[in-house]
Amino acid sequence: MSKLFKKSIFWGLVIVLLFSLSLVVFAQEEMSELEKKTADEVFAKADKGQPDPAWEGKKFTIAVLASGPHGAISGSLYFWRPYWEQLTGATYDIAEIPFGELQAKIFTDLATGMGNYDCLIGPSFFYGDYIANDWIIPVDKYFEDPRMPKWDRESIALPIRELLQWGEHWYGFNNDHDGMVLYYRKDLFNDPQWQAQFKEEYGYDFPVSPTTWQEVLDIAKFFNGKDWNGDGKTDFGITMHLKVGEQGFFNYIALAGSFVCMPAPGDDPTKVTRYHNMFWFDPETMDPLINTPGHVKALEVLTELTKAGPAAMVGWGLGEAWDVFLRGNAAMCFTFGDVGTLSQDPRVSVIQGKLGVAPIPGSKEVYDLESKQWVTLEEPNLVGNKCGASWHGVISSYAEEPDMVAHFLSWQATPEINHWNVAWGWTGIDPGTTYDFLEPVGTAKIEDYTTTGYNAEDITQFLDAYHTMWFEYPRSVPYLRIAGAADYIESLDIHMSEALTGQATPQQAWDRAAQDWNRITDQLGREEQKEFYKEAIGYSGE
Amino acid sequence: MRKKRKWTNIILWIVIAVAMIWMLFPFYWAVITSVKKPADVFRLSFIPFVQFQPTLENWRSELQMRGQEIGRGLKNSLIIGVCSAVISLCIGSLAGYGLARYKYHRVRNRDITMWILSQRFLPPAAVVIPFFLIFKNLGLIDSVVSLVLINATFGIPFAVLVTRDAFRDLPEEIEESALVDGCSRFQVFSRIALPLAAPALVAAGIICFAFAWNEFLFAFIMSYSKAVPMTVLIAGTQDTQGIQFWYVATRMLMAVVPPTILALTVQRYIVQGLTFGAVKG
Amino acid sequence: MHKGKRVPLKEQGKHLFIVPVIVWLLVFTIFPLLYTLYLSFHGSRFLQVTKFVGLGNYINVLSDYRFWNAFRVTITFVIFSVILTVGLGLLLALLFNRQMKGVQVFRTICTTPLFTASVALGYMFMIILYEEGGPVNNFLQALGANTIPWLSHPRWALISVLIADMWQWTPFAFLVLLAALQAAPRDLYEAASLDSASGWEIFRHITLPLISPTLGTVIILRTVEAFKVFDLPFALTNGGPGLATRTLTFNVYTNGLRDQDLGSATATAVILLLMVLAVSQVFFRRYGSNYD
Numbered sequence: 006m007s008k009l010f011k012k013s014i015f016w017g018l019v020i021v022l023l024f025s026l027s028l029v030v031f032a033q034e035e036m037s038e039l040e041k042k043t044a045d046e047v048f049a050k051a052d053k054g055q056p057d058p059a060w061e062g063k064k065f066t067i068a069v070l071a072s073g074p075h076g077a078i079s080g081s082l083y084f085w086r087p088y089w090e091q092l093t094g095a096t097y098d099i100a101e102i103p104f105g106e107l108q109a110k111i112f113t114d115l116a117t118g119m120g121n122y123d124c125l126i127g128p129s130f131f132y133g134d135y136i137a138n139d140w141i142i143p144v145d146k147y148f149e150d151p152r153m154p155k156w157d158r159e160s161i162a163l164p165i166r167e168l169l170q171w172g173e174h175w176y177g178f179n180n181d182h183d184g185m186v187l188y189y190r191k192d193l194f195n196d197p198q199w200q201a202q203f204k205e206e207y208g209y210d211f212p213v214s215p216t217t218w219q220e221v222l223d224i225a226k227f228f229n230g231k232d233w234n235g236d237g238k239t240d241f242g243i244t245m246h247l248k249v250g251e252q253g254f255f256n257y258i259a260l261a262g263s264f265v266c267m268p269a270p271g272d273d274p275t276k277v278t279r280y281h282n283m284f285w286f287d288p289e290t291m292d293p294l295i296n297t298p299g300h301v302k303a304l305e306v307l308t309e310l311t312k313a314g315p316a317a318m319v320g321w322g323l324g325e326a327w328d329v330f331l332r333g334n335a336a337m338c339f340t341f342g343d344v345g346t347l348s349q350d351p352r353v354s355v356i357q358g359k360l361g362v363a364p365i366p367g368s369k370e371v372y373d374l375e376s377k378q379w380v381t382l383e384e385p386n387l388v389g390n391k392c393g394a395s396w397h398g399v400i401s402s403y404a405e406e407p408d409m410v411a412h413f414l415s416w417q418a419t420p421e422i423n424h425w426n427v428a429w430g431w432t433g434i435d436p437g438t439t440y441d442f443l444e445p446v447g448t449a450k451i452e453d454y455t456t457t458g459y460n461a462e463d464i465t466q467f468l469d470a471y472h473t474m475w476f477e478y479p480r481s482v483p484y485l486r487i488a489g490a491a492d493y494i495e496s497l498d499i500h501m502s503e504a505l506t507g508q509a510t511p512q513q514a515w516d517r518a519a520q521d522w523n524r525i526t527d528q529l530g531r532e533e534q535k536e537f538y539k540e541a542i543g544y545s546g547e
Numbered sequence: 179m180r181k182k183r184k185w186t187n188i189i190l191w192i193v194i195a196v197a198m199i200w201m202l203f204p205f206y207w208a209v210i211t212s213v214k215k216p217a218d219v220f221r222l223s224f225i226p227f228v229q230f231q232p233t234l235e236n237w238r239s240e241l242q243m244r245g246q247e248i249g250r251g252l253k254n255s256l257i258i259g260v261c262s263a264v265i266s267l268c269i270g271s272l273a274g275y276g277l278a279r280y281k282y283h284r285v286r287n288r289d290i291t292m293w294i295l296s297q298r299f300l301p302p303a304a305v306v307i308p309f310f311l312i313f314k315n316l317g318l319i320d321s322v323v324s325l326v327l328i329n330a331t332f333g334i335p336f337a338v339l340v341t342r343d344a345f346r347d348l349p350e351e352i353e354e355s356a357l358v359d360g361c362s363r364f365q366v367f368s369r370i371a372l373p374l375a376a377p378a379l380v381a382a383g384i385i386c387f388a389f390a391w392n393e394f395l396f397a398f399i400m401s402y403s404k405a406v407p408m409t410v411l412i413a414g415t416q417d418t419q420g421i422q423f424w425y426v427a428t429r430m431l432m433a434v435v436p437p438t439i440l441a442l443t444v445q446r447y448i449v450q451g452l453t454f455g456a457v458k459g
Numbered sequence: 304m305h306k307g308k309r310v311p312l313k314e315q316g317k318h319l320f321i322v323p324v325i326v327w328l329l330v331f332t333i334f335p336l337l338y339t340l341y342l343s344f345h346g347s348r349f350l351q352v353t354k355f356v357g358l359g360n361y362i363n364v365l366s367d368y369r370f371w372n373a374f375r376v377t378i379t380f381v382i383f384s385v386i387l388t389v390g391l392g393l394l395l396a397l398l399f400n401r402q403m404k405g406v407q408v409f410r411t412i413c414t415t416p417l418f419t420a421s422v423a424l425g426y427m428f429m430i431i432l433y434e435e436g437g438p439v440n441n442f443l444q445a446l447g448a449n450t451i452p453w454l455s456h457p458r459w460a461l462i463s464v465l466i467a468d469m470w471q472w473t474p475f476a477f478l479v480l481l482a483a484l485q486a487a488p489r490d491l492y493e494a495a496s497l498d499s500a501s502g503w504e505i506f507r508h509i510t511l512p513l514i515s516p517t518l519g520t521v522i523i524l525r526t527v528e529a530f531k532v533f534d535l536p537f538a539l540t541n542g543g544p545g546l547a548t549r550t551l552t553f554n555v556y557t558n559g560l561r562d563q564d565l566g567s568a569t570a571t572a573v574i575l576l577l578m579v580l581a582v583s584q585v586f587f588r589r590y591g592s593n594y595d
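Protein chains in written order, with the working numbering: chain A, 6 to 547; chain B, 179 to 459; chain C, 304 to 595.
Simulated from the structure, these hints should not be mistaken for lab results. Hints should not be assumed to be uniformly reliable.
To be verified - Distance ranges between label pairs, derived from CB positions:
id	chain 1	residue 1	chain 2	residue 2	range
1	A	Q512	C	F442	21 to 27 Å
2	A	K64	B	Q246	49 to 55 Å
3	C	F442	A	Q378	50 to 56 Å
4	C	L394	A	A316	33 to 39 Å
To be verified - Derived lysine-lysine pairs resembling DSSO-like cross-links, with alpha carbons at most 27 Å apart:
id	chain 1	residue 1	chain 2	residue 2
5	B	K314	C	K317
6	A	K110	B	K314
7	B	K215	A	K41
8	A	K226	A	K204
9	C	K317	A	K110
10	A	K63	B	K281
11	A	K191	A	K359
12	A	K191	A	K53
13	B	K215	A	K64
14	A	K110	B	K404
15	A	K238	B	K281
16	A	K191	A	K42
17	A	K53	A	K42
18	B	K253	A	K110
19	A	K204	A	K50
20	A	K302	A	K312
21	B	K404	B	K253
22	A	K204	A	K359
23	A	K377	A	K302
24	B	K314	A	K359
25	A	K64	B	K281
Glycine included, C-beta positions come from ideal geometry on N, C-alpha and C.
Please construct the entire structure, taking both the sequences and the accompanying hints into account.
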């Protein structure tokens with residue numbers, strides 16, 4: 006009897022295999038009609054430059070994160086490849102790398118001189134190591150090169166524009182623009198019944214578009230533990246992805262900016278001085294600032310905020326955290342631009358049409374490093390962020406045909422093509438240039454987005470929030486781009502997790518982080534790091 | 179006496195049932211996850227059609243868009259697994275036999291065994307870079323050959339230890355009479371000892387294969403595109419929007435099928451080996 | 304008949320059998336090991352050796368609280384993992400060491416966990432143990448018990464890793480021990496049960512001594528593997544929350560391949576190697592005679 010059983014298992018598996026193969030045989034058209042049509046139009050309009058005939062038949066390799074032919078960041082490479090081949094006669098290989106292993110793979114390739122990758126489409130926090138080791142080439146020379154398609158550098162939001170440069174040179178090409186904002190359920194926030202109850206419990210009017218973290222905390226605590234969507238289960242105030250390694254540290258950075266970055270006195274509040282607009286280190290001594298009172302208070306706020314959501318979220322990655330908000334069980338979600346796109350997809354979201362988006366709130370209390378005292382401001386200290394990777398292409402020093410790579414990257418950076426990428430959410434490329442924002446602040450039309458499936462009101466909220474944060478907030482948190490950036494961040498991530506799970510107090514956690522940071526700095530060479538850091542943040546000594 | 183046996187049987191079947199549920203549950207979960215829409219993955223639902231609407235979209239997407247890549251991944255994993263297991267078994271069973279039958283003098287048996295076993299002590303993460311540099315100089319990066327050699331090396335200790343135990347359990351008289359009859363030691367080994375120790379060989383082979391199949395770190399570092407095995411593909415399901423569990427499920431299932439078929443075909447051999455041994459003894 | 308020849312019959316071919324393994328291992332492991340040792344005495348950045356630092360790396364590593372945390376996590380994991388997987392494996396092997404229908408099927412099913420890549424398993428357990436809507440917590444709720452914070456509480460996170468590990472490796476112990484039990488002569492069992500010896504006595508006086516060498520092998524193999532566990536904590540919890548599931552190999556990996564600090568990585572690896580050697584010395588002193 007067992008022999009028969011075994012035989013049936015065996016044949017069962019064979020049948021499964023054959024079935025799967027048959028699915029492959031009956032292939033379907035992957036690209037939708039509308040995508041193709043709009044892409045053709047955009048291709049015709051975009052500046053093509055003058056491709057060098059010497060490039061015909063040649064190939065280069067792009068290293069990019071592995072999301073597949075229709076996934077975030079890598080998807081657009083697959084999509085546009087046939088167009089570029091048609092345009093230049095050359096082509097490229099797409100080497101996909103698992104997300105968690107990007108650093109190991111790319112740095113090993115560069116450090117060992119293997120040079121498998123000609124073009125690197127990676128996260129912006131690799132720049133420190135890229136520059137310190139001369140692994141990428143400056144691209145200023147291509148701006149006047151007639152072969153290259155023209156793209157509009159000035160149109161990029163300043164915080165992101167800074168990420169494409171280092172010192173006086175440009176290294177990167179326009180592509181993705183990341184930042185964190187606060188998503189909320191506008192149907193809930195505008196509901197008079199909840200507004201009245203809030204006023205009763207907290208004593209002030211419900212802030213429909215919160216501007217301070219204290220307000221956010223109150224709102225989160227208010228909605229947490231109540232059943233406000235009528236499904237019989239208690240719902241949550243806020244959801245975040247705080248698992249170690251799942252980019253929860255960006256939440257911290259976005260939040261802490263307003264507690265730590267003191268505006269400079271005088272005419273220019275954006276001036277970078279020793280004590281103003283400083284976030285990471287003291288530029289004169291390279292001492293970490295992570296355990297200064299401003300940071301500790303920020304971590305305390307984050308710890309409080311964590312209690313106003315599902316307890317499990319300290320172990321959640323992006324998928325789990327966003328899902329709670331998208332399926333309507335959380336009042337707020339504090340994260341990147343992806344939720345804007347995902348909220349419109351009926352396969353994963355039930356909240357299309359109910360999306361509210363606010364630019365990142367600020368804090369009225371800021372710690373002044375100079376006087377070593379807390380300062381209370383009249384208006385909240387609004388500090389924007391460019392949290393996230395802002396994936397974009399750079400050219401490896403080992404590239405054999407850098408000009409060819411530059412042509413491709415410039416072409417993808419042109420307003421028409423980049424805007425098309427932004428409008429179609431599956432590319433994972435978020436808005437960040439004036440071509441993406443709606444009139445009158447930008448040149449985009451609402452139809453660009455509604456035709457690809459966005460709800461008009463939702464996308465307006467989304468774009469307004471980002472635009473406000475990047476064009477109207479006076480300053481943004483400096484992005485850490487020195488050598489060893491990933492090490493510093495990893496330490497921050499781990500100790501933050503300790504504080505959030507009660508294994509350490511915020512002060513203890515940040516003291517440990519400071520200890521780690523000093524160790525890393527000494528290992529890399531304190532003097533070199535200091536000079537590097539000054540260059541990275543534009544500090545000229547004062 | 180009969181009552182005792184009845185109770186023992188009942189307990190036995192309960193244990194079997196629990197063990198089966200425990201063993202199969204993750205696979206069941208992988209199967210239903212692979213047919214769930216991404217949104218449903220985070221929402222509790224056990225039974226397809228009743229609690230959620232199953233979809234073949236994940237499978238279709240994987241097989242069509244990534245089909246070629248996945249096919250290559252499976253092929254690479256198979257080649258690496260089988261070849262490295264075979265090498266480990268060849269070298270390992272030789273050594274196992276030697277250690278079981280001889281007393282070495284210059285270096286004692288137990289020290290040799292200790293040294294062989296110690297090959298597994300060093301964390302792979304520490305030796306990955308030296309290996310990478312060696313193979314880079316040999317031009318074997320992104321080649322299945324380097325992964326076969328590495329996995330064979332790591333499998334040898336298992337093969338040696340397991341086969342040694344098996345050979346030791348075999349009665350020596352049969353072999354000695356064969357030797358007296360004029361067979362060389364090697365013939366005794368290959369014609370008498372090996373078949374009798376078949377179950378252990380198979381068990382060792384399966385284990386070596388399993389380790390090679392599951393190996394992630396070296397596979398990741400050594401392969402770029404041509405030699406990528408399934409483990410690296412599974413890790414590649416994490417993108418900017420988090421881990422895509424539905425693809426993890428599909429890939430995990432696909433990765434489990436070939437070795438299971440292999441184990442099934444080999445099961446018969448185990449049975450044969452046993453009955454053969456019983457008849458002989 | 305062949306007495307008096309150069310080599311006694313029994314000793315013929317002695318070195319033939321052992322030479323291949325020695326040559327192979329020398330070629331493939333000596334150089335990497337020596338290079339690792341060399342690296343541990345030097346500083347390095349991005350695969351370039353920078354300068355000789357003597358014991359500097361070791362001192363750094365041993366005075367880092369993260370090392371001791373990982374040490375504690377690793378030891379805890381090893382102890383529980385070995386006891387659980389080998390214990391369960393032995394129980395199952397004993398239970399299935401009999402003629403009965405369905406054993407073959409069960410054995411085949413038991414081999415499948417071995418073929419699931421640890422990385423995939425880690426991700427799968429993430430959804431299975433998903434606290435808000437996963438099957439396990441819902442099952443607990445249905446029973447009226449409290450839900451368990453599988454992945455968000457430091458202690459439970461380690462338990463989750465142990466559960467996944469147990470699921471994956473118990474079959475290994477089961478397979479090897481079963482093979483050992485079945486290689487043992489059947490008449491011994493028959494004689495004993497005819498004598499109406501109790502099950503426990505049979506086990507203690509006959510079975511256990513018979514399989515003792517194999518049991519020892521399984522224990523040492525499992526122990527060594529458990530010391531090096533990496534894929535599971537990496538995929539399931541990424542070493543978190545905080546540092547709660549960071550094992551020593553995890554540290555080696557992040558130091559060496561992410562932070563590109565090969566000096567600390569190799570120093571940690573060498574320390575880990577020494578630890579495992581020490582443990583195995585204890586083992587070999589006890590069971591070493593089996594290997595002569």
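task = Starting from B:K253, check that the Cα of A:K110 is at most 27 Å away, please.
result = 23 Å, holds
Hint check for B:Q246 and A:K64 - Cβ pair distance inside 49 to 55 Å = 18 Å, violated
query = Are the Cα positions of B:K314 and C:K317 separated by 27 Å at most?
reply = 37 Å, violated
key: Hint consistency between A:K110 and B:K404 [alpha-carbon to alpha-carbon, up to 27 Å]   = It holds: about 15 Å lies between the C-alpha atoms, which stays within 27 Å.
task = Could you tell me whether the CB distance from C:L394 to A:A316 stays inside 33 to 39 Å?
result = 36 Å, holds
key: Pair hint outcome, B:K215 versus A:K41 [Cα-Cα no greater than 27 Å]   = 26 Å, holds
task = Could you grab the alpha-carbon distance between A:K64 and B:K281 and see if it respects the 27 Å cut-off?
result = 61 Å, violated
request  = Given the hint that B:K404 pairs with B:K253, test it: the Cα-Cα distance must not exceed 27 Å.
outcome  = 11 Å, holds
task = Decide if the proposed pair is consistent with the structure: A:K191 and A:K53, CA atoms, cutoff 27 Å inclusive.
result = 43 Å, violated
inquiry  = Run the distance test for A:K191 versus A:K359: straight-line Cα separation, threshold 27 Å.
reply    = Between A:K191 and A:K359 the Cα gap is close to 6 Å, so the pair holds against 27 Å.
inquiry  = Can you confirm whether the C-alpha distance between A:K63 and B:K281 stays at or below 27 Å?
reply    = Violated, at about 63 Å.
request  = Measure nothing beyond the straight line between the CA atoms of A:K204 and A:K50; if it is 27 Å or shorter, mark the hint as holding.
outcome  = This hinted pair is violated, its Cα atoms lying about 54 Å apart.
In summary, the structure is inconsistent with hints 1, 2, 5, 9, 10, 12, 13, 15, 16, 19, 24, 25 from the numbered list given earlier, while agreeing with the others.
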